[in-house]
Amino acid sequence: MEARYGEIRALHDVSITVDDGDFVAILGANGAGKTTTLRAVSGTVKTSGDVLLDGSKIFRRTPESMARRGVAHVPEGRGTFTTLSVLDNLRLGAWVQRGVSQRDLARVFEFFPRLYERRDQQAGTLSGGEQQMLALGRAMMAKPRVLLLDEPSLGLAPLMVREIFDALQQMNEGGVTIVVVEQNATLALRAAKHAYVLETGRVVLGGVAADLQENESVRRSYLGY
Amino acid sequence: MRVKLIAFGLGVLALIVLPFPLSDFHTVQLATVGAYFIAILGLDVLTGNSGQISLGHGAFMAVGGYTTAILMSDHGVRDLWTIPIAALVAGAIGVLVGIPALRLSGFYLALATFGIAVVLPTILKKFDGLTGGSTGITLFGKPTQTGHGFQVTILGRHLTNNEWLYALTWTIGVVLFVVVWLLLDSRFGRSLRAVRDSELAAAASGVNRSTYKVAAFGVSAAFAGVGGSLLAINVAYVSPDTFPIQLSLYLLVGAVVGFYGSIWGAIIGALLIQFLPDLVHQVPHIDSKQAGPTTFFFGAVLIVLMLLLPFLLRLGALLTNRGYSRAQ
Amino acid sequence: MANFIQQVVSGLASGGIYGSLALALVLIHRSTGVLNFAQGELATLSAFICWSLIDHGWAFWPAFGATIVLSFLGGAAIQQTLIRPIQDGPVLGVVILTIGLLIAVNGLMTWIWGGAGKQFAGPFSTAPINVGGVAFSKQDIGVIVISLVSVLLIWLLFARTKLGLGLRAAAVNPAEARLTGVRVPMMLAVGWGLAAVLGAVAGVLAAPSLFLEPNMMQTVLLYAFAAAVLGGMDSPIGAVIGGLVLGVLLNLVGTYVHWVGGELRLAVALAVILGVLIVRPAGLFGHTAVRRV
Numbered sequence: 001m002e003a004r005y006g007e008i009r010a011l012h013d014v015s016i017t018v019d020d021g022d023f024v025a026i027l028g029a030n031g032a033g034k035t036t037t038l039r040a041v042s043g044t045v046k047t048s049g050d051v052l053l054d055g056s057k058i059f060r061r062t063p064e065s066m067a068r069r070g071v072a073h074v075p076e077g078r079g080t081f082t083t084l085s086v087l088d089n090l091r092l093g094a095w096v097q098r099g100v101s102q103r104d105l106a107r108v109f110e111f112f113p114r115l116y117e118r119r120d121q122q123a124g125t126l127s128g129g130e131q132q133m134l135a136l137g138r139a140m141m142a143k144p145r146v147l148l149l150d151e152p153s154l155g156l157a158p159l160m161v162r163e164i165f166d167a168l169q170q171m172n173e174g175g176v177t178i179v180v181v182e183q184n185a186t187l188a189l190r191a192a193k194h195a196y197v198l199e200t201g202r203v204v205l206g207g208v209a210a211d212l213q214e215n216e217s218v219r220r221s222y223l224g225y
Numbered sequence: 001m002r003v004k005l006i007a008f009g010l011g012v013l014a015l016i017v018l019p020f021p022l023s024d025f026h027t028v029q030l031a032t033v034g035a036y037f038i039a040i041l042g043l044d045v046l047t048g049n050s051g052q053i054s055l056g057h058g059a060f061m062a063v064g065g066y067t068t069a070i071l072m073s074d075h076g077v078r079d080l081w082t083i084p085i086a087a088l089v090a091g092a093i094g095v096l097v098g099i100p101a102l103r104l105s106g107f108y109l110a111l112a113t114f115g116i117a118v119v120l121p122t123i124l125k126k127f128d129g130l131t132g133g134s135t136g137i138t139l140f141g142k143p144t145q146t147g148h149g150f151q152v153t154i155l156g157r158h159l160t161n162n163e164w165l166y167a168l169t170w171t172i173g174v175v176l177f178v179v180v181w182l183l184l185d186s187r188f189g190r191s192l193r194a195v196r197d198s199e200l201a202a203a204a205s206g207v208n209r210s211t212y213k214v215a216a217f218g219v220s221a222a223f224a225g226v227g228g229s230l231l232a233i234n235v236a237y238v239s240p241d242t243f244p245i246q247l248s249l250y251l252l253v254g255a256v257v258g259f260y261g262s263i264w265g266a267i268i269g270a271l272l273i274q275f276l277p278d279l280v281h282q283v284p285h286i287d288s289k290q291a292g293p294t295t296f297f298f299g300a301v302l303i304v305l306m307l308l309l310p311f312l313l314r315l316g317a318l319l320t321n322r323g324y325s326r327a328q
Numbered sequence: 001m002a003n004f005i006q007q008v009v010s011g012l013a014s015g016g017i018y019g020s021l022a023l024a025l026v027l028i029h030r031s032t033g034v035l036n037f038a039q040g041e042l043a044t045l046s047a048f049i050c051w052s053l054i055d056h057g058w059a060f061w062p063a064f065g066a067t068i069v070l071s072f073l074g075g076a077a078i079q080q081t082l083i084r085p086i087q088d089g090p091v092l093g094v095v096i097l098t099i100g101l102l103i104a105v106n107g108l109m110t111w112i113w114g115g116a117g118k119q120f121a122g123p124f125s126t127a128p129i130n131v132g133g134v135a136f137s138k139q140d141i142g143v144i145v146i147s148l149v150s151v152l153l154i155w156l157l158f159a160r161t162k163l164g165l166g167l168r169a170a171a172v173n174p175a176e177a178r179l180t181g182v183r184v185p186m187m188l189a190v191g192w193g194l195a196a197v198l199g200a201v202a203g204v205l206a207a208p209s210l211f212l213e214p215n216m217m218q219t220v221l222l223y224a225f226a227a228a229v230l231g232g233m234d235s236p237i238g239a240v241i242g243g244l245v246l247g248v249l250l251n252l253v254g255t256y257v258h259w260v261g262g263e264l265r266l267a268v269a270l271a272v273i274l275g276v277l278i279v280r281p282a283g284l285f286g287h288t289a290v291r292r293v
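Chains as they are written, first to last, in the numbering used here: chain A, 1 to 225; chain B, 1 to 328; chain C, 1 to 293.
Mixed in with the good hints there might be a few duds.
To be verified - Here are the simulated DSS-like pairs of lysine-lysine, each with C-alpha atoms no more than 25 Å apart in a straight line:
{"id": "1", "chain 1": "A", "residue 1": "K143", "chain 2": "C", "residue 2": "K162"}
{"id": "2", "chain 1": "C", "residue 1": "K138", "chain 2": "C", "residue 2": "K118"}
{"id": "3", "chain 1": "A", "residue 1": "K193", "chain 2": "A", "residue 2": "K143"}
{"id": "4", "chain 1": "A", "residue 1": "K57", "chain 2": "A", "residue 2": "K46"}
{"id": "5", "chain 1": "A", "residue 1": "K143", "chain 2": "A", "residue 2": "K57"}
{"id": "6", "chain 1": "B", "residue 1": "K125", "chain 2": "C", "residue 2": "K118"}
Everything labelled a hint here was simulated from the structure, so no lab data went into it.
All chains, please: the whole structure from these sequences, using the hints.
Shown next, in the form of structure tokens:
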């Protein structure tokens with residue numbers, strides 16, 4: 001697949017396969033095209049090339065239709081609805097569902113008790129970590145099949161990041177396919193089952209996460225040793 | 001630049017030549033076009049270059065027009081001398097409006113100036129001691145009128161009244177065009193556009209935004225005042241109905257149609273204001289006494305223009321090879 | 001004292017009208033950043049439509065209902081056909097388009113219905129009710145009730161329904177709303193439709209007391225603008241309260257300050273706008289916008 005921003009080609013030749021129930025990490029330096037890849041999948045960006053879900057090609061990819069197909073995309077910056085309350089944000093997450101299930105809400109609050117405490121607060125007043133939890137909570141409310149996350153660890157304290165990835169782990173165990181774009185390669189490789197490395201819009205490496213962790217060039221470029 | 005000079009030269013030539021083949025009536029129509037032309041030039045300074053939208057320029061025209069009328073009718077001032085006075089009065093009021101306008105950005109300013117245009121007829125009617133209220137002031141036949149009652153002779157040729165009006169209006173028009181051209185090309189103009197494009201950057205460069213914006217308002221209003229004054233002289237009558245809210249709106253349409261606020265398009269806008277009503281009434285089934293269709297078409301023109309604008313800008317950029325200079 | 005109360009009530013009635021239109025302005029401004037200059041003319045158009053239906057023999061309330069529906073559809077249609085093509089471009093372009101719309105609708109109304117004012121018999125009689133020595137006009141009470149009810153219904157829609165949630169989300173963060181599955185373009189159309197409904201309410205309520213003529217709502221638009229600024233440009237509550245406050249204020253000033261009289265009230269409103277913007281730009285309920293450097 002190929003993707004462009006105006007005159008600039010961000011992705012040249014990217015081909016990624018994700019199995020059902022997989023946990024995939026996409027690594028790479030800034031500007032490597034990781035964010036664009038996610039955007040291509042969710043339909044935020046136009047591309048040449050295809051996205052196949054369950055083996056069948058998806059023709060008109062718009063964010064709304066992808067959301068309805070069960071693909072949740074949590075973008076960089078979390079996409080919080082700042083002036084809406086935390087509760088409203090979560091309710092919004094369930095948009096593609098029939099109604100707002102109280103049980104789903106309860107489950108999110110179980111995962112993230114802090115969100116329950118702040119449920120009536122304006123979402124914009126939450127800290128970065130809490131907003132990431134909120135973003136995840138919203139994604140959970142959507143009961144997605146596939147969850148795409150862009151830089152979930154960005155700007156968060158290590159403890160927060162741990163909580164987030166624990167939650168991701170649990171979701172994955174529950175059957176949600178997860179694709180995470182991360183600059184924090186160490187973290188990502190530890191959590192993921194498979195990984196791809198992107199460099200200037202191309203896939204340069206791909207495979208089982210554990211193998212990549214051992215890989216020389218990966219260790220030197222991204223893991224720092 | 002050379003293209004502009006050639007265009008200018010051709011324009012002046014056309015102005016000199018036109019009255020000869022045209023009838024007397026058409027000549028005075030073109031004289032009125034001149035009045036609108038000058039007002040639109042003023043609006044171009046404001047909207048096209050300093051980025052402040054005014055929906056109330058009809059009000060400044062009214063100030064000029066009424067200044068002329070009152071001076072001519074109550075104070076025996078010769079019509080010619082009232083023109084610079086009208087410019088000063090309108091300009092002063094423009095400055096007074098420009099100062100609080102600093103606080104208003106973009107559309108809020110447009111709304112506030114819209115308010116001025118709406119409130120104007122009421123004010124004119126209220127202070128009827130000065131303005132003659134709803135009946136207005138007639139200038140026809142007053143001794144202060146030049147060209148009426150006695151013949152004006154230029155270069156040995158006797159001018160009819162209409163030809164005189166044409167000559168007067170367009171001489172001033174051409175002079176003011178040159179003035180505004182020089183102004184906008186100068187440091188003043190550059191600073192003005194800097195303020196329009198990025199207030200922050202302009203401030204960082206040491207440009208005193210407030211002074212320039214207020215000055216732009218003053219200059220713009222002065223121009224409109226001259227336009228209004230000439231209109232009064234042309235029509236020989238002012239009343240609140242000479243300057244309705246629709247006039248202010250038409251002026252803005254004229255400015256936008258004229259290459260989106262460029263002085264080179266002002267003539268198009270002025271012609272539009274003068275002749276669109278006639279064009280509209282050529283359409284079958286439209287009674288020429290109806291004002292509604294004209295207004296409707298002015299609005300439609302603006303809407304269609306704004307819908308086409310992105311496309312036109314791209315076309316313009318392609319043609320002039322200058323990229324998105326007007327992308328804002 | 002009795003006169004004072006009467007003036008206050010009367011002012012609240014006008015204020016209800018200003019507040020409804022102000023709410024319409026705020027609605028569109030919040031969701032798209034556009035100041036819809038045509039809001040007043042569209043409201044007048046709605047009033048004319050209602051008048052025409054009544055003129056053809058309809059009773060008031062069915063005519064009003066039909067007008068509301070038509071206004072909603074009209075507002076949504078305008079957004080879809082005229083605004084959507086250019087809404088991703090500079091906001092100035094959209095605003096100028098709404099100015100064009102103002103002009104066109106104004107001309108259209110004059111074309112169809114003529115420039116002369118028409119009598120509009122509202123649903124409420126102008127007969128006074130006497131409460132404790134103070135005479136209230138039934139019309140004033142009716143206007144207050146209807147405008148508050150409409151505003152309340154709109155508020156309920158926004159705060160309590162799924163559609164309202166979608167509308168709010170689309171206004172706050174359209175890109176993210178789309179990722180969540182919200183059909184943002186449709187939300188924008190609905191937003192414009194609701195604004196048109198509020199405008200229709202304001203227009204129909206205003207028509208009995210003002211003359212129904214094409215320029216009827218121009219001053220009201222300015223009052224609505226003043227109310228919105230007073231309340232804080234992006235605050236719905238502010239718009240409504242601003243409207244009520246302004247209505248009462250203008251009425252009292254018009255009554256008790258003699259040289260202002262009826263005609264210069266607009267000048268007072270303009271002064272209010274200016275004053276607020278100079279002293280407290282965020283208005284009563286707005287948030288101070290931090291300008292990103």
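Okay, the hints, checked on the actual structure:
Taken as a hint, the A/K143 and C/K162 pair is honoured in the structure, with Cα atoms around 18 Å apart against an allowance of 25 Å. This hinted pair checks out: C/K138 and C/K118 have alpha carbons roughly 21 Å apart, not beyond 25 Å. In summary, the hint linking A/K193 to A/K143 is supported, as the alpha carbons are separated by about 21 Å, within the 25 Å threshold. Between A/K57 and A/K46 the alpha-carbon distance is near 15 Å, which keeps this suggested pair within the 25 Å criterion.
With a CA separation close to 22 Å, the supplied pair A/K143 and A/K57 stays within the 25 Å bound. Pair hint B/K125 plus C/K118 holds up; C-alpha atoms about 23 Å apart against a cutoff of 25 Å.
In this structure, every one of the numbered hints holds.
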